[in-house]
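Start from chain A and add chain B according to the hints.
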Amino acid sequence: KNEVEQSPQNLTAQEGEFITINCSYSVGISALHWLQQHPGGGIVSLFMLSSGKKKHGRLIATINIQEKHSSLHITASHPRDSAVYICAVIAGNEKLTFGTGTRLTIIP
Amino acid sequence: KAGVTQTPRYLIKTRGQQVTLSCSPISGHRSVSWYQQTPGQGLQFLFEYFSETQRNKGNFPGRFSGRQFSNSRSEMNVSTLELGDSALYLCASSLGPSGANYEQYFGPGTRLTVT
Numbered sequence: 001k002n003e004v005e006q007s008p009q010n011l012t013a014q015e016g017e018f019i020t021i022n023c024s025y026s027v028g029i030s031a032l033h034w035l036q037q038h039p040g041g042g043i044v045s046l047f048m049l050s051s052g053k054k055k056h057g058r059l060i061a062t063i064n065i066q067e068k069h070s071s072l073h074i075t076a077s078h079p080r081d082s083a084v085y086i087c088a089v090i091a092g093n094e095k096l097t098f099g100t101g102t103r104l105t106i107i108p
Numbered sequence: 001k002a003g004v005t006q007t008p009r010y011l012i013k014t015r016g017q018q019v020t021l022s023c024s025p026i027s028g029h030r031s032v033s034w035y036q037q038t039p040g041q042g043l044q045f046l047f048e049y050f051s052e053t054q055r056n057k058g059n060f061p062g063r064f065s066g067r068q069f070s071n072s073r074s075e076m077n078v079s080t081l082e083l084g085d086s087a088l089y090l091c092a093s094s095l096g097p098s099g100a101n102y103e104q105y106f107g108p109g110t111r112l113t114v115t
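Chains A and B, in that order, are what the protein sequence lines are.
Each residue of the first sequence is one higher than the last, beginning at 1 in our numbering.
Each residue of the second sequence is one higher than the last, beginning at 1 in our numbering.
Just chain A, same shape as in the assembly (with noise of 0.2 Å):
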């Protein structure tokens, strides 16, 4: 089993929809991110968590530490955010450790 799981894998929505992409990992960490990596893959580190919730734009970033999840959401979703949404820990080996990846794709 997985240290991070994601799901789901790939999610296929209407422009303007509410999108949710799910993390849960099953070790203590220091710190969780999500990452954004377009075709052609450049990654962006869009959020980095410990606890709470953070915002910027249109995506916002929610930890709950003692269930072990994370989750990221897209309000009024867009093309353009079509990309491989990936959620990564740290634990205490200090090491980043990758879910496999959401899939997202935003039809017009």
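Just so you know, these hints were derived from the structure itself, not from any lab.
Certain hints may be false.
[What the hints assert, rightly or not] DMTMM-like mimics (lysine to aspartate or glutamate), calculated; alpha carbons at most 25 Å apart, straight line:
# : chain 1 : residue 1 : chain 2 : residue 2
1 : A       : Lys53     : B       : Glu103
2 : A       : Lys55     : B       : Glu103
3 : A       : Lys54     : A       : Glu3
[Said to hold, decoys possible] Residues from chain A that face chain B, not an exhaustive set, calculated with beta carbons under 7 Å:
# : residue
4 : Glu3
5 : Ile43
6 : Met48
7 : Leu96
Note that the structure is predicted; figures quoted are calculated from it, not measured.
All residues carry an ideal CB built from backbone N, CA and C; glycine is no exception.
Leaving out everything else, chain B in the frame of chain A:
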């Protein structure tokens, strides 16, 4: 401020050869981490350097090595290349070590193809 740069962007090598990839971090960043991304295994941590010292290493064979210079630029080397080493190699820089929860900034990656 310039972002993280990686050279070369694309590389084709033959089995058995060796390869050196380079990463220049954002100015002022002292930590550089390397990652391998393949379709089968996803993203995996290779190693992290901070102030010229390797802080952490992932579960990769000794053929994978790296170093960091005094200007924080880093190189990684893969010797005796195997077909399975074909991957996108990403580096990321941060102000401080990953354990201190600094945000990481990723480079565009080097796509290595081994034939």
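So, going through the hints one by one against the coordinates:
no.	hint	verdict
1	A/Lys53 - B/Glu103	holds, 16 Å
2	A/Lys55 - B/Glu103	holds, 16 Å
3	A/Lys54 - A/Glu3	holds, 23 Å
4	Glu3	violated, 12 Å
5	Ile43	holds, 4 Å
6	Met48	holds, 5 Å
7	Leu96	holds, 5 Å
Checked against the numbered hints given earlier, the structure breaks only hint 4 and satisfies all the rest.
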